[in-house]
Amino acid sequence: MSKIQDGLKYTETHEWVRVEGSVAVIGITDHAQEELTDIVHVDYPIGVGESVEKGSDCVVIESCKAAADLYAPVSGKVTETNEGLADNPAEVNDDPYGKGWIIKIEMSDPSQLDVLMDADAYRAHSE
Amino acid sequence: MVFLPHTPGDTQDMLNTLGLKSVDDLFSMIPAKLKNPPIEFPPALTEMEIQSLMESVAAQNRGAQCLSFLGGGAYQHFIPQAVFALISRGDFSTAYTPYQPEVSQGTLQAIFEFQTMISRLTGMSAANAGVYDGATALAESALMACRATRKEKVLVARTVNPHYRRVMRTYLSAPGVEIVEIPARDGAVDLEALKAALDDDTAAFFIQQPNYFGVLEPVDSLAPLFEGKKALLGAAAYPHSLGVLKTPGAWGAQIVCGDLQSVGIPLSFGGPYSGFMACREDLVRHLPGRIVGQAKDADGRDGYVLTLQTREQHIRRAKATSNICTNQALCALSATIFLAMMGPRGLRGAAAQSVRQAHKLYDALCSIEGVKPMFGQPFYNEFALELPAPAAAVIAEAKKDGVLPGIHLKAGEACDGEGLLVCATELTSDADVARCKEALKNAIDHVKTHAVV
Amino acid sequence: MPLDAFEPSLFELSHGEGGREWIPERGGADLASLIPSEHLAPEPAALPVVSEPEAVRHFTKLSRRNFSIESGFYPLGSCTMKYNPKICDSLAGLPGFARLHPEAGADMAQGTLRLMDDISGFLAQISGMDKVTTNPCAGAHGEFCGILMVRAYHEDRGDDRDVVLVPDSAHGTNPATAAMVGYKTVEVKSNSSGCVDLDDLKSKLNDKVAALMLTNPNTLGLFEKEILDIARVVHEAGALLYYDGANLNAIAGVARPGDMGFDVVHINLHKTFSTPHGGGGPGAGPVGVKQRLIPYLPTPLIEKSGEEYTLNYDSPKSIGQLSTFYGNVGIVLRAYVYMRMHGKEGIRRNSEHAVLNARYLKHLLKDHIPPEIDAPGMHEFVLTMKDKSRFGEFNAMGLAKNLIDRGFHAPTVYFPLIVKEALMMEPTETESKRTLEEFAATVVDILNEAARDPEKAMHAPYTTPVKRLDEVSAARNPVLVHPCCE
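If you're matching them up, the sequences are chains A, B and C in order.
Its first residue numbered 209, the first sequence is counted upward by one per residue in our numbering.
Its first residue numbered 23, the second sequence is counted upward by one per residue in our numbering.
Its first residue numbered 112, the third sequence is counted upward by one per residue in our numbering.
Hints may contain errors.
[To be verified] Lysine-lysine pairs mimicking DSS-like chemistry, simulated, CA-CA at most 27 Å apart:
#1 C:Lys-477 <-> B:Lys-43
#2 A:Lys-262 <-> B:Lys-173
#3 C:Lys-172 <-> B:Lys-318
#4 B:Lys-217 <-> B:Lys-268
#5 B:Lys-252 <-> A:Lys-312
#6 B:Lys-43 <-> C:Lys-544
#7 C:Lys-497 <-> C:Lys-401
#8 C:Lys-319 <-> C:Lys-401
#9 A:Lys-285 <-> A:Lys-312
#10 B:Lys-432 <-> C:Lys-428
#11 B:Lys-55 <-> C:Lys-401
#12 A:Lys-262 <-> A:Lys-211
#13 B:Lys-422 <-> B:Lys-432
#14 B:Lys-57 <-> A:Lys-285
#15 C:Lys-415 <-> B:Lys-432
#16 B:Lys-43 <-> B:Lys-57
#17 A:Lys-211 <-> C:Lys-497
#18 C:Lys-401 <-> C:Lys-428
#19 C:Lys-567 <-> A:Lys-273
#20 C:Lys-295 <-> C:Lys-401
#21 C:Lys-567 <-> C:Lys-477
#22 C:Lys-242 <-> B:Lys-55
#23 C:Lys-313 <-> B:Lys-55
#24 C:Lys-300 <-> C:Lys-499
#25 C:Lys-499 <-> C:Lys-477
#26 C:Lys-300 <-> C:Lys-544
#27 B:Lys-463 <-> B:Lys-422
#28 B:Lys-341 <-> C:Lys-319
[Claimed, not checked] Just so you have them, the derived chain B footprint on chain C, three or more residues with Cβ under 8 Å:
#29 140-147
#30 247-256
Quick caveat, the hints were computed from the structure, so don't treat them as lab data.
Just so we're clear, the structure is a prediction, and the values are computed from it rather than from any experiment.
Just so you know, even glycine gets a beta-carbon here, dropped at the ideal spot from N, CA and C.
Please model the entire structure based on the sequences and the hints provided.
See below:
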């Protein structure tokens with residue numbers, strides 16, 4: 209069974225969000241990494257300092273035989289990408305809620321978080 | 023019946039097993055009004071008949087019997103016989119795309135060797151397994167530069183092969199990429215015009231070395247113009263010439279593309295050839311098409327697989343880097359075998375001989391009264407001439423004499439003036455040089471005489 | 112599968128120095144006096160140095176590490192891997208064809224131009240279209256050409272459309288092509304009988320839709336019976352109907368896309384007309400169109416005035432040029448030979464036997480692995496191993512790899528995407544009844560073995576030059592060239 213961590217916000221497209229002040233730390237859920245199988249590359253077509261719109265595809269997460277888009281759960285400016293994944297993309301598989309985080313966004317409209325699911329709702333959604 | 027293994031008995035047995043009366047029953051799901059359309063088609067021929075038909079049609083290609091001084095992107099270079107013998111092996115020529123690596127190690131390893139040789143020849147760090155031809159390689163390179171820089175303007179020198187530039191227009195018009203052509207000065211790119219056009223919206227600039235007119239472009243002056251700019255420097259190369267010329271990597275190119283025809287592929291009226299694309303390491307994930315990588319098997323043995331496949335259409339579908347799947351694998355294999363056969367010494371010898379024979383030819387033709395070089399630039403194995411009579415008529419006259427003296431440069435198309443683009447290779451003998459001069463001189467005299475009349 | 116031991120790469124075989132001179136000495140000036148020194152490479156290219164016998168042996172060994180249609184059966188769905196006649200290769204390589212320079216001029220190339228024009232006519236007849244170009248270099252290049260024409264057509268009429276519809280069972284090239292031409296793709300669902308869901312199609316058709324791209328028979332090997340209704344609703348919406356000719360081998364000579372209402376078709380010559388696959392090309396992807404799309408055909412156009420063939424680059428509404436010269440002419444010539452040796456009856460007989468073979472093989476296998484859709488199919492069929500209660504952990508990939516151990520190529524697996532644990536098989540017409548029976552018996556034997564010893568079956572193949580390769584590490588740390596000697 210895939211892990212779902214309490215205290216995070218979740219999207220229907222299997223991203224998670226951890227709120228750190230005005231910054232949203234975003235990754236993909238344990239379920240998503242399992243579906244993708246071994247992650248071989250994380251591609252950031254959008255760089256630090258650039259703006260993203262909620263719902264837009266801003267990162268591509270690739271396994272050998274599949275590629276999935278990460279859809280921004282919130283709008284805002286990218287403050288950081290996970291540079292460690294360049295050398296070790298397996299962290300997305302091994303520690304999806306920790307070292308395998310993917311992108312940080314300075315939120316322009318924190319109220320966008322309100323429509324996201326909490327852990328229980330995501331658990332129900334995934335079943 | 024030609025290539026079917028079924029006996030009438032087999033066919034009947036199989037139909038019986040399926041509970042069908044006749045082969046027509048196999049198509050019962052097709053609406054009746056669509057079936058049995060009127061098709062006009064000549065009757066079937068036996069192998070004997072088709073052989074004699076094709077031989078007689080081949081003889082109608084008068085161009086194949088002429089002494090040719092044509093280049094312009096397709097070159098008649100020497101090809102060792104071993105190349106043909108090896109690519110004719112059914113295990114290469116009738117194999118499928120290497121999607122099942124365990125039974126495709128031959129093709130995969132050959133592609134890996136190809137990628138390595140192309141990377142080394144061009145001075146790049148990686149190459150793909152090839153694309154359709156030189157022109158589509160340039161177009162795909164331009165699209166790749168747009169993806170990598172996320173910009174939508176591409177500059178291209180007007181001295182790049184006009185066919186390449188046309189194909190580039192076809193490919194780039196679709197996603198709406200703007201193309202700006204950089205004018206020429208005396209047959210080479212106008213560096214001042216390039217400098218003025220190179221702005222922050224530019225994805226890349228592409229130049230051909232040697233260019234369409236055989237002129238050696240001032241490539242060493244290019245890299246400094248790109249310092250501090252996001253725009254990439256792209257090159258279309260003539261791989262055979264890299265036996266003697268400096269690699270594009272050495273003069274700062276970041277993407278190198280071109281046609282492999284010159285290294286082991288027959289002319290065949292324009293195809294099949296193969297294009298190649300090579301690039302710097304940081305651009306690898308933007309390459310289109312197949313790429314082979316090394317891998318270990320379950321027992322730790324070295325092997326090869328198609329890799330970075332998420333760029334490709336069968337996985338990424340609408341978001342793929344290109345729709346290309348079938349490319350020109352067997353032609354790329356020809357190039358691989360050719361380069362292995364020739365080796366550094368053989369390629370250098372052939373390339374150098376091409377240059378020498380071209381310069382002999384240049385001297386011979388320029389000694390004809392009224393014939394002048396179009397440009398005052400150093401050239402490789404091709405050069406443009408101005409003739410003292412209309413080029414089309416001169417070419418037509420030389421053809422009657424069994425000589426194809428060059429490509430007609432029409433005024434306002436590839437260049438401003440009208441002229442003749444002439445090429446020599448290592449296959450051009452000294453006698454061929456003399457024959458070309460004679461034929462061109464006679465043709466010019468004939469045209470001039472008849473124009474007066 | 113021949114078992115050739117490990118073969119080092121050319122770079123490991125290289126002597127590093129020496130090498131052969133191939134060119135006769137002809138004298139002439141020193142290179143440095145002809146070309147300014149700044150253009151010259153300081154040293155020879157970093158190519159391997161091997162003797163001819165070593166090179167010949169190296170590539171011969173590599174070839175023996177390949178499976179090929181000449182060594183065995185490829186039940187490879189959607190790929191039409193049939194026997195490639197030797198005569199086609201040898202005639203296309205006649206010096207009169209091979210030595211012809213593309214810039215020789217039309218007057219010097221009358222033979223080749225005549226064949227290209229003739230084959231365009233044959234393909235127009237077989238596809239039911241009004242005009243065919245042989246310029247595209249492969250199926251995907253043909254798709255690109257066809258969809259560019261679709262766009263040119265709508266733009267010419269001032270009709271602003273930005274969507275291409277593609278069935279969920281489509282080849283990956285279809286959405287990739289639409290994207291290359293600047294279209295958004297919208298998927299059309301398949302219904303429970305494996306065909307286009309007409310209601311879903313209707314709901315997605317509107318004045319923004321430029322075209323529907325369709326394969327018929329589709330990738331499940333089923334004929335789209337409602338094709339005439341599909342064509343009607345597509346045309347009523349002002350859109351065009353695009354035919355992906357990947358599966359033409361099922362119906363060539365029997366029914367024509369043009370009669371079904373298709374406006375544009377591409378035809379993979381390396382499939383239906385059996386030019387060698389070459390380990391991934393060269394192929395050729397001629398495109399046929401109906402009258403209203405003729406003005407947009409790519410340049411150059413081969414035209415005939417009297418008995419003289421010419422090349423025309425001046426076509427104002429054309430989508431432009433697709434390749435340096437005229438496409439993969441040598442491949443087109445091979446297909447010409449193939450077509451002339453068959454005639455229309457022979458081409459029809461191929462389709463009949465392609466369908467007969469597929470139906471027969473499906474019949475032999477269906478009690479052992481269930482078909483996704485159990486309806487009379489055409490030249491290919493799709494089985495599914497999704498039923499875990501029946502197959503346990505053994506899956507389509509496992510079966511594929513075990514077949515390799517038994518001397519067969521694997522079928523297409525995990526495609527079409529709408530079928531879980533899919534095995535897609537296309538025997539083609541050039542396989543004998545006996546081969547099909549041996550293949551089916553082998554599949555059954557593998558299933559029995561896998562039930563007995565699942566662990567062993569899951570790790571096949573065992574007899575190949577390499578075992579399963581670690582594609583994950585290869586993608587994480589790509590090694591794409593042999594480490595350099597620098």
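Coverage criterion applied to the segment 247-256 of chain C (partner chain B; beta-carbon cut 8 Å; 3 residues): Since three or more residues must qualify, the claim that chain B covers the segment 247-256 of chain C holds, with 7 doing so at under 8 Å.
Hinted pair Lys-43 of chain B and Lys-544 of chain C, Cα distance within 27 Å: 18 Å, holds
Given hint Lys-497 of chain C paired with Lys-211 of chain A - CA-CA distance at most 27 Å: 26 Å, holds
Hint consistency between Lys-567 of chain C and Lys-477 of chain C [alpha-carbon to alpha-carbon, up to 27 Å]: 24 Å, holds
Pairwise hint evaluation, Lys-57 of chain B against Lys-43 of chain B, where the allowed Cα distance is 27 Å at most: 18 Å, holds
Hint consistency between Lys-262 of chain A and Lys-211 of chain A [alpha-carbon to alpha-carbon, up to 27 Å]: With a Cα-Cα distance of about 25 Å, the restraint between Lys-262 of chain A and Lys-211 of chain A holds, given a limit of 27 Å.
Agreement of Lys-497 of chain C and Lys-401 of chain C with the hint, judged by alpha carbon distance not exceeding 27 Å: 42 Å, violated
Restraint status (C-alpha distance of Lys-172 of chain C to Lys-318 of chain B at most 27 Å): 20 Å, holds
Lys-567 of chain C paired with Lys-273 of chain A [C-alpha distance capped at 27 Å]: Satisfied, since the Cα-Cα distance of roughly 24 Å is no more than 27 Å.
Satisfaction of hint between Lys-268 of chain B and Lys-217 of chain B, Cα-Cα up to 27 Å: 23 Å, holds
27 Å limit on alpha-carbon distance, applied to hinted pair Lys-55 of chain B and Lys-401 of chain C: Measuring from Cα to Cα gives roughly 19 Å; hence the hint holds.
Hint consistency between Lys-295 of chain C and Lys-401 of chain C [alpha-carbon to alpha-carbon, up to 27 Å]: 24 Å, holds
This entry does not satisfy hints 7, 14, 26, going by the numbered hints stated previously.
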